[in-house]
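Trainee: Here the protein sequences come in this chain order: Z and G. Those letters in the first sequence? Residues 1 to 326, per this note's numbering, in order. Those letters in the second sequence? Residues 327 to 718, per this note's numbering, in order.
Some hints here could point you the wrong way.
To be verified - Label-pair restraints from in silico Cβ distances:
(1) G:406 with Z:111: 20 to 30 Å
(2) Z:283 with G:414: 38 to 48 Å
(3) Z:285 with G:703: 49 to 59 Å
Said to hold, decoys possible - Calculated from the model, a selection of chain Z residues having no Cβ within reach of chain G, i.e. all distances over 10 Å:
(4) 6
(5) 105
(6) 203
(7) 204
(8) 304
(9) 318
Bear in mind the hints are in silico, worked out from the structure with no lab data behind them. Ideal placement from N, C-alpha and C gives every residue a C-beta, glycine not left out.
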Amino acid sequence: MAAEKMALAKAINESLRRALETDPKVLVMGEDVGKLGGVFRVTDGLQKDFGESRVIDTPLAESGIVGTAIGLALRGYRPVVEIQFDGFVFPAYDQIVTQLAKMHARSLGKVKLPVVVRIPYGGGIGAVEHHSESPESLFAHVAGLKIVSPSNASDAYWMMQQAIQSDDPVIFFEPKRRYWDKGEVVTDAIPGPLHKAQVAREGRDLTLAAYGPMVKTCLEVAAAAAEEGRDLEVLDLRSVSPLDFDTIQTSVEKTRRLVVVHEAPVFFGSGAEIAARITERCFYHLEAPVLRVGGYHAPYPPARLEEEYLPGLDRVLDAVDRALAY
Amino acid sequence: MTVESTAARKPRRSAGTKSTAGKTTSARKTASAEPELVQLLTPEGKRVKNAEFDKYVAGITPEELRGLYRDMVLTRRFDAEATALQRQGELGLWASLLGQEAAQIGSGRATREDDYVFPTYREHGVAWCRGVDPTNLLGMFRGVNNGGWDPNSNNFQLYTIVIGSQTLHATGYAMGVAKDGADSAVIAYFGDGASSQGDVAESFTFSAVYNAPVVFFCQNNQWAISEPTEKQTRVPLYQRAQGYGFPGVRVDGNDVLACLAVTKWALERARNGEGPTLVEAFTYRMGAHTTSDDPTRYRGDEERQSWEAKDPILRLRAYLESANHADEGFFAELETESEALGKRVREAVRAMPDPDRFAIFENVYADGHALVDEERAQFAAYQASFADVEGA
Ligand SMILES: Cc1ncc(C[n+]2csc(CCOP(=O)(O)OP(=O)(O)O)c2C)c(N)n1
Numbered sequence: 001m002a003a004e005k006m007a008l009a010k011a012i013n014e015s016l017r018r019a020l021e022t023d024p025k026v027l028v029m030g031e032d033v034g035k036l037g038g039v040f041r042v043t044d045g046l047q048k049d050f051g052e053s054r055v056i057d058t059p060l061a062e063s064g065i066v067g068t069a070i071g072l073a074l075r076g077y078r079p080v081v082e083i084q085f086d087g088f089v090f091p092a093y094d095q096i097v098t099q100l101a102k103m104h105a106r107s108l109g110k111v112k113l114p115v116v117v118r119i120p121y122g123g124g125i126g127a128v129e130h131h132s133e134s135p136e137s138l139f140a141h142v143a144g145l146k147i148v149s150p151s152n153a154s155d156a157y158w159m160m161q162q163a164i165q166s167d168d169p170v171i172f173f174e175p176k177r178r179y180w181d182k183g184e185v186v187t188d189a190i191p192g193p194l195h196k197a198q199v200a201r202e203g204r205d206l207t208l209a210a211y212g213p214m215v216k217t218c219l220e221v222a223a224a225a226a227e228e229g230r231d232l233e234v235l236d237l238r239s240v241s242p243l244d245f246d247t248i249q250t251s252v253e254k255t256r257r258l259v260v261v262h263e264a265p266v267f268f269g270s271g272a273e274i275a276a277r278i279t280e281r282c283f284y285h286l287e288a289p290v291l292r293v294g295g296y297h298a299p300y301p302p303a304r305l306e307e308e309y310l311p312g313l314d315r316v317l318d319a320v321d322r323a324l325a326y
Numbered sequence: 327m328t329v330e331s332t333a334a335r336k337p338r339r340s341a342g343t344k345s346t347a348g349k350t351t352s353a354r355k356t357a358s359a360e361p362e363l364v365q366l367l368t369p370e371g372k373r374v375k376n377a378e379f380d381k382y383v384a385g386i387t388p389e390e391l392r393g394l395y396r397d398m399v400l401t402r403r404f405d406a407e408a409t410a411l412q413r414q415g416e417l418g419l420w421a422s423l424l425g426q427e428a429a430q431i432g433s434g435r436a437t438r439e440d441d442y443v444f445p446t447y448r449e450h451g452v453a454w455c456r457g458v459d460p461t462n463l464l465g466m467f468r469g470v471n472n473g474g475w476d477p478n479s480n481n482f483q484l485y486t487i488v489i490g491s492q493t494l495h496a497t498g499y500a501m502g503v504a505k506d507g508a509d510s511a512v513i514a515y516f517g518d519g520a521s522s523q524g525d526v527a528e529s530f531t532f533s534a535v536y537n538a539p540v541v542f543f544c545q546n547n548q549w550a551i552s553e554p555t556e557k558q559t560r561v562p563l564y565q566r567a568q569g570y571g572f573p574g575v576r577v578d579g580n581d582v583l584a585c586l587a588v589t590k591w592a593l594e595r596a597r598n599g600e601g602p603t604l605v606e607a608f609t610y611r612m613g614a615h616t617t618s619d620d621p622t623r624y625r626g627d628e629e630r631q632s633w634e635a636k637d638p639i640l641r642l643r644a645y646l647e648s649a650n651h652a653d654e655g656f657f658a659e660l661e662t663e664s665e666a667l668g669k670r671v672r673e674a675v676r677a678m679p680d681p682d683r684f685a686i687f688e689n690v691y692a693d694g695h696a697l698v699d700e701e702r703a704q705f706a707a708y709q710a711s712f713a714d715v716e717g718a
């Protein structure tokens, strides 16, 4: 088995490299992805090895990037485009929502758009505004898009492979503050399905459900809670759309309590959807209402306040306490 | 060639090029072919004549020239201090204007008090001209706020991080100015990279169609992070305007006098009801894109060195000295003033308090919102629960 320890960003880089090697139709596109290797160096070295016609430095125009990726996909290519930061996807939002998401249905299934839109997202890196947001719910509300977010290097590697192979458009949210976290990547294992949640830690007393950057936080919460004699289960949802409700249901039927954690604002967020469906499915199993921990109904704050805004150990533990108090 | 205001009717190359207009084929050349620049001061600091634009700086006094020099020196000093503060961990990020002082001071000093400026995130020199206290610019880079000044107190809008967005705001504001029958003008700043954004194209369309009194001031500093201008356009940027039906001109962006003259001309057109103008200030970003960038990955030293020879500050100094417009005393005094500014900025940044935690919930809405009130109350109760523990 080829196993290697690598940072999450490097795992995506290796995954893109593998895709470029195996499928001549795969393209990597975006601002600064070539010579610079992207502002996070996720595409480092790819242009050097695959050339400017496969790894394309685009003009500074997000609508153009996604719109032309749609055209390339119509012509049989599989573009993987990079949006430099979460807050800059909105110039492309129109193309993603009105075109990318809907063309398959509009063509009665004749047209497939295997486009991957990579978005480094989330906070915790002390950036200026528009560099720390979590807009996944804004995309999850749109039918036709698949939305995933890995939490570790192995998933980053394999989920990227699967996203590129998918015939549907995939919005690939990369947890930028975990880019430098290392993990084991086994490059010849056969991965599980892209949209299946995983139990990241088993426990009996309560389920914490999270994806992307918050999985690590929840694992830390579980470790801290264990010191107080509490046995928390942590689910890594991995996919926001579709959402694997079965795995959540199984867990909640065991633990009878659920806290959902994400960085995005709680109001109308993915946690609300999970809470509603799980309440419906597990009404007689639940010992407490499903609680949510996330961002406030406020613009993402300046860097010096982001620790107050982002769900951290204390806020999640507080929700755990409240759920267990019922 | 005279500068015409009815550019829409008569296809023209540019307002800036001289008698060759109409004859050359430069419209067909690519961006790498360098068209003529409007220049009033050579890199050596020699004053050259320009039939079109001399009149816009004809009455300039030695004192005003020294003022431009002072503005550039102090802006550069402020910028250097901010870069140093970032290195010392006092700022999270800094976008340096090093090399772009002439473009910013020349155009900024061309504006009138009642004009309105829409900057991107690097316009520290323009802010200086508008009387914005430089320390106000640092809050968002330190991470204590997301803007930090009242745009209406100096008619200088908040910095815009999302590339190109502000060009539409400027156009709309200018449409409002025109509706009001006012004779003020609006100026929008953006980069060569930004010229690729749909918003910028749309702002060109709107401003042309509604004859909005707006000047588009593009600082072509040759790079959009790692991408050279050729990755954004295959024609010289100023020529874009022609397709929208308004004049475009390329000015030497390292020549403060030329930038002043050309911007005055463009603002005057706006005031006279002649609509938008695109000014491309041909300049160079001497430093990194921001303090988190590493330009050695994508460009060589020779390029920077060739632009160092065109330094905007040295150029004006050479002119001031050769024309006997400034003596050693002036330069020495400015040096002292410059040091004092650096010290003031340093102290102000270090003394800048972290925002109150409840600032998260401030000003989310103008009219208030029940959910924000509820979340603020929950936040307060949560914070108070720690106070209890700590107090116990
Ligand atoms: C919509 C959008 N996309 C991407 C970015 C990231 N970004 C910030 S500055 C920049 C390059 C801008 O280049 P240019 O417009 O030439 O201005 P300059 O910084 O050179 O002054 C990029 C890609 C952004 N801020 N906004």
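Trainee: Each hint needs a verdict: does it hold in this structure or not?
Mentor: Hints, one by one, checked against the model:
About 54 Å separates the C-beta atoms of residue 406 (chain G) and residue 111 (chain Z), a value inconsistent with the hinted range of 20 to 30 Å. Evaluation of the 38 to 48 Å hint for residue 283 (chain Z) and residue 414 (chain G) yields a failure: the beta carbon distance comes to about 57 Å. As the Cβ distance of residue 285 (chain Z) to residue 703 (chain G) is approximately 31 Å, the hint placing it in 49 to 59 Å is violated. Even its closest Cβ contact with chain G, about 21 Å, leaves residue 6 (chain Z) beyond 10 Å, as expected for a residue assigned away from the interface.
For residue 105 (chain Z), the shortest C-beta to C-beta distance to chain G comes to about 25 Å, beyond the 10 Å cut-off, and the non-interface label holds. With a cut of 10 Å on Cβ distances, residue 203 (chain Z) stays outside the contact zone with chain G, its closest approach being about 24 Å. Every C-beta of chain G lies more than 10 Å from that of residue 204 (chain Z), the closest at about 27 Å, which supports listing it as non-interface. Taking the minimum C-beta to C-beta distance to chain G, about 5 Å, the non-interface status of residue 304 (chain Z) is violated against the 10 Å cut.
Not every Cβ of chain G is farther than 10 Å from the Cβ of residue 318 (chain Z); the closest lies at roughly 7 Å, contradicting the non-interface assignment.
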